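Visitor: Throw the hints in and build the complete structure from the sequences for me.
2 protein chains.
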Amino acid sequence: MDLLLLSNSTSDDGYLVHAASAITELADGRTRALFVPYAGVTRDWDSYAEQVREAFAPIGIAVDSLHQQADPVAAANAATLFVVGGGNTFRLLQVLRQQGLLDVIAGRVRSGDARYIGWSAGSNLATPTIRTTNDMPVVDPGGFDALNLVPFQINPHYYNLEIEGFRGETRDQRLAEFTTLSPDTPVLGLPEGDWVRVSGNRYTLHGEHAARWFLGARTWDVTAGPLAQPA
Amino acid sequence: MDLLLLSNSTSDDGYLVHAASAITELADGRTRALFVPYAGVTRDWDSYAEQVREAFAPIGIAVDSLHQQADPVAAANAATLFVVGGGNTFRLLQVLRQQGLLDVIAGRVRSGDARYIGWSAGSNLATPTIRTTNDMPVVDPGGFDALNLVPFQINPHYYNLEIEGFRGETRDQRLAEFTTLSPDTPVLGLPEGDWVRVSGNRYTLHGEHAARWFLGARTWDVTAGPLAQPA
Chain Y
1 MDLLLLSNST SDDGYLVHAA SAITELADGR TRALFVPYAG VTRDWDSYAE QVREAFAPIG
61 IAVDSLHQQA DPVAAANAAT LFVVGGGNTF RLLQVLRQQG LLDVIAGRVR SGDARYIGWS
121 AGSNLATPTI RTTNDMPVVD PGGFDALNLV PFQINPHYYN LEIEGFRGET RDQRLAEFTT
181 LSPDTPVLGL PEGDWVRVSG NRYTLHGEHA ARWFLGARTW DVTAGPLAQP A
Chain C
1001 MDLLLLSNST SDDGYLVHAA SAITELADGR TRALFVPYAG VTRDWDSYAE QVREAFAPIG
1061 IAVDSLHQQA DPVAAANAAT LFVVGGGNTF RLLQVLRQQG LLDVIAGRVR SGDARYIGWS
1121 AGSNLATPTI RTTNDMPVVD PGGFDALNLV PFQINPHYYN LEIEGFRGET RDQRLAEFTT
1181 LSPDTPVLGL PEGDWVRVSG NRYTLHGEHA ARWFLGARTW DVTAGPLAQP A
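Keeping their order, the protein sequence lines are chains Y and C.
At position 11 of the first sequence the residue is numbered 11 (our numbering), and the sequence of numbers has no breaks.
Start counting at 1 in the second sequence, then tack on 1000, and there's your number in our numbering.
Since the hints were made in silico from the structure, they are not lab data.
If you anchor each label on the Cβ, the simulated ranges turn out as follows:
id: 1; chain 1: C; residue 1: S1111; chain 2: Y; residue 2: S11; range: 55 to 61 angstroms
id: 2; chain 1: C; residue 1: D1145; chain 2: Y; residue 2: Q69; range: 29 to 35 angstroms
id: 3; chain 1: C; residue 1: D1013; chain 2: Y; residue 2: G216; range: 32 to 38 angstroms
Looking from chain C toward chain Y, a few residues come up when the C-beta cut is under 8 angstroms (computed):
id: 4; residue: R1131
id: 5; residue: F1178
id: 6; residue: T1180
Bear in mind that the values here come from a model prediction, so they are computed numbers and not experimental data.
Here a beta-carbon is modelled for each residue, glycine too, at the ideal position from N, C-alpha and C.
Guide: Right, dumping it as structure tokens:
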């Protein structure tokens, strides 16, 4: 099972540029990917697919978009590389569930028939549930269970700013709510620019910034390198 | 139907102090309130109820907490003033649904038998759905429908900061996702310190900061005073 789970897509150097070599390594010679644009809400899926197509072209990977397939289930069953873009996690999960694609994607990645690249909402989707997304619940996805391809939750775009005058919760306070109600489920706070490479049951953190584990009442930081599963 | 929907509870002068006169006006002589502490996740409900009790004591209102009632449904059916605290909106909705209290509370407020004070998650709860909460979906509430006591959504703690280096969505981008998928539902972005007083079908905005309406692709600011329902 091979996955690349990115915190974010944009970078100072351009769209997905920070992850180009990691994408090349993950693709392992595959020259065709199936893109899932359903997290896009305020952008139309055609232009989202075009942006991803342009980012993947220099890497030598042609991109088909799931929303342009006559038979999405057949397309997913034939795909060897899934690319799941960010946007709104609730919307992403809703559309995949409506189209009956969750089991198809999970099955192909689990069997090794396909590899998986996700960023932001696409990384949330690979975890057990979407319960640690930062997104607004703009639609009801019909249940929070997701692909469950890794045994921990991810919180993308992780940071813990205290904003002057803001009286809502900080990110750490929100994640503490999760770990209070689910004390046995680890959450990885993944900062901008970082990603996790999953290979079987080996996990490696990449990126410049320390990530943060949350488990029960404990939190601790980890830097790039092999990522031990917390217990 | 009489409601007081606050953006937030804390203020520089102390807990709920900024809203004390508004609470007195809303209570209209009632000297007993039923507090709903279920949005509290990382704090225990006993201490949450105690904090609210202390804040309401100077106003001359005694506070019972729903979680300390032997028969919560009977207590809700007897209450004449509901006070619904902030915290996590998903948790609040989950517990109220599990206890079969949503219809009871909505019915008593709609009939005029009880009045309603909410802040943050408690304000989200009074709207048609919780789909414009800022909270993390740490538990699945079993559906997003809420009390539907006002004909518009509220986004509490409203602000639209752009944070250097943060590559996730801004608040306005999140709300634009909502209005893209629900173009006919108005959302009121309610800044810190502000509140809405509902009296029948009259709505009045209070507070120092301009609030912002979001409806379809349009947004516009409104200042304290009568709040016209957007159409």
